[in-house]
Amino acid sequence: MSNYNQEMIDKYRGNFLKEVQDNVEEGDWVKMCMQCGVCSGSCPLGPHWDHPPQEIFMMIRAGKREEVLESTSMWMCTSCYNCIARCPRGLPITHIMHGLATYSKRLGLAPQQQPTAKFAQLFWDNLTKKGRVNELKLGLSLYFMNGIGEGIKTSLKMKDIGLNMLKTKRMSPMEYFGGHSCKDTKGFQAMLKKAQELEEARIGKSGS
Amino acid sequence: MSEVIATNQTILVVGGGISGMTAALEAAECGKQVILVEKNPSLGGRVSQLYKYFPKLCHPKCGLEINLRRIKANRNLRVMAMTEVTSISGDAGNYSVTLKTAPRYVNENCTSCGDCGNAVEAEFDDEYNYGLGKRKGAYRPFNQAYPERFVLDPAIIGTDDAEKAKAACKYDAIDLDMTEAETTITVGAIIWATGWKPYDAGKIQPYGYDRYQNVITSVEFERMLDPHGPTGGKILRPSDGKEAKDVAFIQCAGSRDMNHLKHCSRICCMASLKQTTYLREQYGDDAKGTVYYIDIRAIDRIDDFYQKVQNDSNITFTKSKVASITEDKETGNPVLHGVDTEGYHRYSNPHELVVLAIGMEPSVPADGFPMEVVLNEEGFVELDEANGAFFAAGCSSDALDVNRAVQSATASALRAIQVVNKVAGAEG
Numbered sequence: 003m004s005n006y007n008q009e010m011i012d013k014y015r016g017n018f019l020k021e022v023q024d025n026v027e028e029g030d031w032v033k034m035c036m037q038c039g040v041c042s043g044s045c046p047l048g049p050h051w052d053h054p055p056q057e058i059f060m061m062i063r064a065g066k067r068e069e070v071l072e073s074t075s076m077w078m079c080t081s082c083y084n085c086i087a088r089c090p091r092g093l094p095i096t097h098i099m100h101g102l103a104t105y106s107k108r109l110g111l112a113p114q115q116q117p118t119a120k121f122a123q124l125f126w127d128n129l130t131k132k133g134r135v136n137e138l139k140l141g142l143s144l145y146f147m148n149g150i151g152e153g154i155k156t157s158l159k160m161k162d163i164g165l166n167m168l169k170t171k172r173m174s175p176m177e178y179f180g181g182h183s184c185k186d187t188k189g190f191q192a193m194l195k196k197a198q199e200l201e202e203a204r205i206g207k208s209g210s
Numbered sequence: 097m098s099e100v101i102a103t104n105q106t107i108l109v110v111g112g113g114i115s116g117m118t119a120a121l122e123a124a125e126c127g128k129q130v131i132l133v134e135k136n137p138s139l140g141g142r143v144s145q146l147y148k149y150f151p152k153l154c155h156p157k158c159g160l161e162i163n164l165r166r167i168k169a170n171r172n173l174r175v176m177a178m179t180e181v182t183s184i185s186g187d188a189g190n191y192s193v194t195l196k197t198a199p200r201y202v203n204e205n206c207t208s209c210g211d212c213g214n215a216v217e218a219e220f221d222d223e224y225n226y227g228l229g230k231r232k233g234a235y236r237p238f239n240q241a242y243p244e245r246f247v248l249d250p251a252i253i254g255t256d257d258a259e260k261a262k263a264a265c266k267y268d269a270i271d272l273d274m275t276e277a278e279t280t281i282t283v284g285a286i287i288w289a290t291g292w293k294p295y296d297a298g299k300i301q302p303y304g305y306d307r308y309q310n311v312i313t314s315v316e317f318e319r320m321l322d323p324h325g326p327t328g329g330k331i332l333r334p335s336d337g338k339e340a341k342d343v344a345f346i347q348c349a350g351s352r353d354m355n356h357l358k359h360c361s362r363i364c365c366m367a368s369l370k371q372t373t374y375l376r377e378q379y380g381d382d383a384k385g386t387v388y389y390i391d392i393r394a395i396d397r398i399d400d401f402y403q404k405v406q407n408d409s410n411i412t413f414t415k416s417k418v419a420s421i422t423e424d425k426e427t428g429n430p431v432l433h434g435v436d437t438e439g440y441h442r443y444s445n446p447h448e449l450v451v452l453a454i455g456m457e458p459s460v461p462a463d464g465f466p467m468e469v470v471l472n473e474e475g476f477v478e479l480d481e482a483n484g485a486f487f488a489a490g491c492s493s494d495a496l497d498v499n500r501a502v503q504s505a506t507a508s509a510l511r512a513i514q515v516v517n518k519v520a521g522a523e524g
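Chain order of the listed sequences is A and B.
So the first sequence is numbered by the working numbering: it starts at 3 and just counts up by one.
So the second sequence is numbered by the working numbering: it starts at 97 and just counts up by one.
The hints are simulated quantities; they were obtained by calculation from the structure and are not laboratory data.
Don't take every hint at face value.
[What the hints assert, rightly or not] Here are some chain B residues pointing at chain A (derived, C-beta under 10 Å):
| # | residue |
| --- | --- |
| 1 | 302 |
| 2 | 352 |
| 3 | 353 |
| 4 | 417 |
| 5 | 431 |
| 6 | 433 |
Virtual Cβ for every residue (Gly too), placed ideally from N, Cα, C.
Take the sequences, apply the hints, and build the full model.
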């Protein structure tokens, strides 16, 4: 992974805006931002971002590569689309935020402890095992994401909801042992592998 | 109505605002025959609704008076009020134009004494004051209205009010049997000066113009300053009539925005800078103005004015497009939310009154022209050969301030004169 990061650093040699344009979904739009700030002001989670979208765009243009890619900011986006609806220049800001997050993950620069990033990984691992999401395991892995102590606490807090879900058959305890899967798990995984190969060929990533 | 005489050496000017009046006068004073049509009951247009104009801060009433005197003195110029163009056919040098004149219900006997207005009871939103005040069902559009005659609102025709107005008139000026009249004329060239209208502020959903009383537009603010206007010249809050000393101005309200008007309306920056001086003039050191902007576009000599306002310590500039407005229920203060660009500080600022520096859009929509006309993306008329001798003047050609609108009007007058001169040359 870090090889890929080095490859990109060598390839773009300080031109971070170009790197974003070439590699980030909808990254081409970043240069269109006119710094009015309506996105940052419209974001419901805005106060919790280290750098609101408007600032991220300016940082990209200023070439602050590590500060942007290692930032937790774009992981804060909840896809409410307020910014897209209001942007006077029509920038697909939500998509750019997700694009930046994806790219930083691909480079191995994504913040390890950011909860959205962590959960996204848990979800992916859970889904790819059997081709179906195992909600019981996903829920538990979310509760225990930050260690045993907090996991037990959260589980106890949520136990009534859990029991009611069992009672109304919204969740089965049997899921814990294996769980349901799609018809052709092997085929599904082969498909993912092929998709991964195609994606890597597309982005010109060697080896890994 | 006496017959309208026009030939293919006549120039038709459509719209009686500052651009139309200028174009008509320039052509008429060059000896050309000109017909000036205006859809409203009076000439004057949107400039007559301003308190002052920049950068000299003089009163538009003064310029209007000069133009009206020139119009009255010129026998080459004929004014038709309450008249609209319904169709145009033909080519440069020979157009056939159909005009529709709405009934005024008041004839030329009117002396503007006002007795009919006093007699009538029904009241309507006053268009001249952008609906901030009321006017009677029999009214003079504004003090300097020309033609200097009253007009009856068509809504009172057939009611007791119409009879009351007729009975009150000592000069037999009220004619309730007037009907819509259609006239077809031949003209050589057409100057289209239908101007602009303020963008519908209600469409800018996050600013709550349609929900909060203390969010108004710049054109309404302008009306407040008129000593004869709805607030008697005082800057007051619509919600409670209290003096508004802490006023926020929001730039690019509807302009430079994919979701609204794509173009820069060009006048709004100067309009807000000018309006900060109204605030200062009225409330002195108690005045507090805040301008929220993306960037201030004050060009050439107007930049001096900008610097003067910047040097005023009671006026602050916040570089930020306001994201949304909410209302403090207790005080009625609009609260502006956003993040500024100089440091990325998040703010929630209450102000007593918010003025949206509203954008300009062409008053005739793209599908509303009486002939096929080449327009640009924003709906302004292009200077295109395909338009023949149909020339746009002023704000129907682009978003312009008064200064540039007048220049544009003079240019289009010259273009029209060249066309009718050619016609005259061919006819010998």
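Does the interface hint hold: is residue 302 (chain B) within less than 10 Å of chain A, judged Cβ to Cβ?
holds, 7 Å
The hint names residue 433 (chain B) as touching chain A; please verify it with the least Cβ-Cβ distance against 10 Å.
holds, 6 Å
Closer than 10 Å between Cβ atoms is the bar; does residue 431 (chain B) clear it against chain A? Give me holds or violated.
This interface hint is violated because 12 Å lies over the 10 Å limit.
Hint residue 353 (chain B) vs chain A: min CB-CB distance below 10 Å?
holds, 4 Å
Close enough to count: is the Cβ of residue 417 (chain B) nearer than 10 Å to one in chain A?
holds, 4 Å
Is the hint on residue 352 (chain B) kept, meaning its closest Cβ partner in chain A is under 10 Å away?
holds, 6 Å
Hint compliance for this structure: hint 5 is the single one not met.
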